[in-house]
Amino acid sequence: MSILVDESTRVVVQGITGREGAFHTKQMLDYGTVVAAGVTPGKGDREVDGVPVFNTVKQAVEAQGVNVSCIFVPPPFAADAIIDSAAAGLDLIVCITEGIPVLDMVKVAGFLKNKKSVLIGPNCPGIISPGKTKVGIMPGPIHKPGTMAVISRSGTLTYEVVDQLTETGLGQSTCIGIGGDPIIGSTFIDHLKRFKEDPETEGVVLIGEIGGTAEEEAADYIREEFNKPVIAFIAGQAAPPGRRMGHAGAIISGGQGKAEDKIKALLAAGITVALNLGDLGATVQEVMEKS
Amino acid sequence: MKLHEYQAKDIFGKSGIPIPNGQVVTAVDQVNRATQIISGPPWVVKAQVHAGGRGKGGGVKVVHYPYEVVTATESLLGKHLVTPQTGPEGVIVNQVLIEEGVEISHEYYLSMVVDRTTACPTMIFSQAGGMEIEEVAASSSELILKEHIDPAVGWMMHNARNLLYSQVPPPPFGALRALMSVMANVYKIFMTLDCTLLEINPLVLTKDLKVFALDAKVTIDDNALFRQKELLLLDDPREKDPLELMAEKYHLNYIRLDGNIGAMVNGAGLAMATMDVIKMAGAEPANFLDVGGGASEDMITKGVEIILKDRRVKAILINIFGGILRCDILAKGVVAAAKKNRIRVPLIVRLEGTNVKEGREILKNSELEFLVAKDLGEAASLVSKQVSS
Chain E
1 MSILVDESTR VVVQGITGRE GAFHTKQMLD YGTVVAAGVT PGKGDREVDG
51 VPVFNTVKQA VEAQGVNVSC IFVPPPFAAD AIIDSAAAGL DLIVCITEGI
101 PVLDMVKVAG FLKNKKSVLI GPNCPGIISP GKTKVGIMPG PIHKPGTMAV
151 ISRSGTLTYE VVDQLTETGL GQSTCIGIGG DPIIGSTFID HLKRFKEDPE
201 TEGVVLIGEI GGTAEEEAAD YIREEFNKPV IAFIAGQAAP PGRRMGHAGA
251 IISGGQGKAE DKIKALLAAG ITVALNLGDL GATVQEVMEK S
Chain F
1 MKLHEYQAKD IFGKSGIPIP NGQVVTAVDQ VNRATQIISG PPWVVKAQVH
51 AGGRGKGGGV KVVHYPYEVV TATESLLGKH LVTPQTGPEG VIVNQVLIEE
101 GVEISHEYYL SMVVDRTTAC PTMIFSQAGG MEIEEVAASS SELILKEHID
151 PAVGWMMHNA RNLLYSQVPP PPFGALRALM SVMANVYKIF MTLDCTLLEI
201 NPLVLTKDLK VFALDAKVTI DDNALFRQKE LLLLDDPREK DPLELMAEKY
251 HLNYIRLDGN IGAMVNGAGL AMATMDVIKM AGAEPANFLD VGGGASEDMI
301 TKGVEIILKD RRVKAILINI FGGILRCDIL AKGVVAAAKK NRIRVPLIVR
351 LEGTNVKEGR EILKNSELEF LVAKDLGEAA SLVSKQVSS
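Order-wise, the sequence lines are chains E and F. full-length UniProt numbering puts the first residue of the first sequence at 1, with every later residue one more than the last. full-length UniProt numbering puts the first residue of the second sequence at 1, with every later residue one more than the last.
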């Protein structure tokens, strides 16, 4: 098993005719993902790599029975694209777009409150269940079907971790990049709850970074309710306060969001924290052998 | 993007938030005219820099004679101002705001941010405003009140009542209307100008129950600047590091730090983690540099050049996990940079991911001297060798 996406997932790519959208559609198809439709308003008369393009998400749902969207729409239009997918009733919306205004995400979060759609991202690499399907931009070949779940606020850092997990032979059940923005659709806790119920997932690697309090909240949840081993890594121990470290969400401000506070909270919840990224794979192996 | 105090106050004034009368001067010979227009004594002379903590750093002076306005301005303009937030070298003061003094009977703190957990615009209000607000927040957080605003409904009068009547004791009855009006305007400005932070500290009450915003701190969401074009005119590039400005031009995410190991990485998270690895190896990173997911050969070349321009750099670590950015593109960019510039420091390269073989080939066949690290652990030990040697 895996969570949220598997072989039965039928993807619609929003922004499929753009440079990024077209490139990653091809990559997803090569990985074996069922990309059943694309959407670009005004271009609903063509195909991209054999995938039919529609003008609206609603049309894509009606014609192709898609249930998951992957968004490559430019930032000014991305909030509209997310709400479009949610209104069309999709199960899962993966928003890759980086640079969406915060107040647009405030609107999106408000709209999603009573909807069934789960949003991953924005500003994220997406989600992959290795060997089954990938919805996003991560390099497929570094993954290997296995038992470790990965939840991360970062992109390339996740690839680094996944690569180490593949090296150890443990592999991955499902990997999710939840995104580097201040407001994101789903959190560490949302996905931990799903991994708790997934029999194939034996442990979770949680990759956080400076900014906000998501890691502290996850630590509380894990201590109270989570019953599988968790290994964590926090990026940004050397980051100075007040500077935005690339990701809009990665900033230490008002005394909040420091790496040391997050590490302290995780350790206090009994979570193993790898301080050095180079040691993460070995640390995971050690913890999983003991359990 | 940060606004200067005088720019933010200009917006406040036009939006109905009361501010003291003031004039910005950029040269000392403008001071006498300003002093004639602005009523006083006393006058307040304030350095206009983006960094916070100006009061503690001597950037705000209260004076009582016109000649003192001149000397206070002289002591700030063109000088380096060091505050708790600037670092030891400080920042240059290019502009000074001269304001009428206001008789303060109480200092409040008022700000607005977007709360990450609830995804709501959130107003923060406290009776304990002034320079010590951060200490208050740390030691007596019950004095800091928060009100989440439902974005679907917008600002409601009860939001203001919740904040004002929860204070013990509540502000004087005669001041409530003025405070409520400031709060409503803060929300309006925050939402229309795509702010990520709007802070008034202190928001003061005078003896005759008038309310004034004595300071103003506004940060605009960089991601929303495409629809806030008129605010772009308020950008002050002099406040930025020259290397950071150069990086911005080439769409590179570069932040200058205090160490001596230059780093070039793809992806913000991996870049932060690489900085951490450098630090743990016993060295200090000279910069954060994320070349991004889809960097071109030219961007890589520019990235290397920017790192080399920093004379403190003693070694460079390139850590790339190729995803969308292919390792061969990276290698070509590095080789091109080496052709144009003499690379005067040891270069440590760690490549992994898409087209890694091609990338390693290109580097090997170039005349470039470099050390190869097969993984992060090895990269770290190579870095520490460079520092200790």
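Since the hints were made in silico from the structure, they are not lab data. Hints may be right or wrong, so weigh each one.
Straight-line C-alpha distance at most 16 Å; calculated EDC-like pairs for lysine to aspartate or glutamate [what the hints assert, rightly or not]:
hint	chain 1	residue 1	chain 2	residue 2
1	E	Lys196	E	Glu224
2	E	Lys107	F	Asp150
3	F	Lys374	E	Asp163
To test your reading of the hints: which numbers does this structure violate?
none
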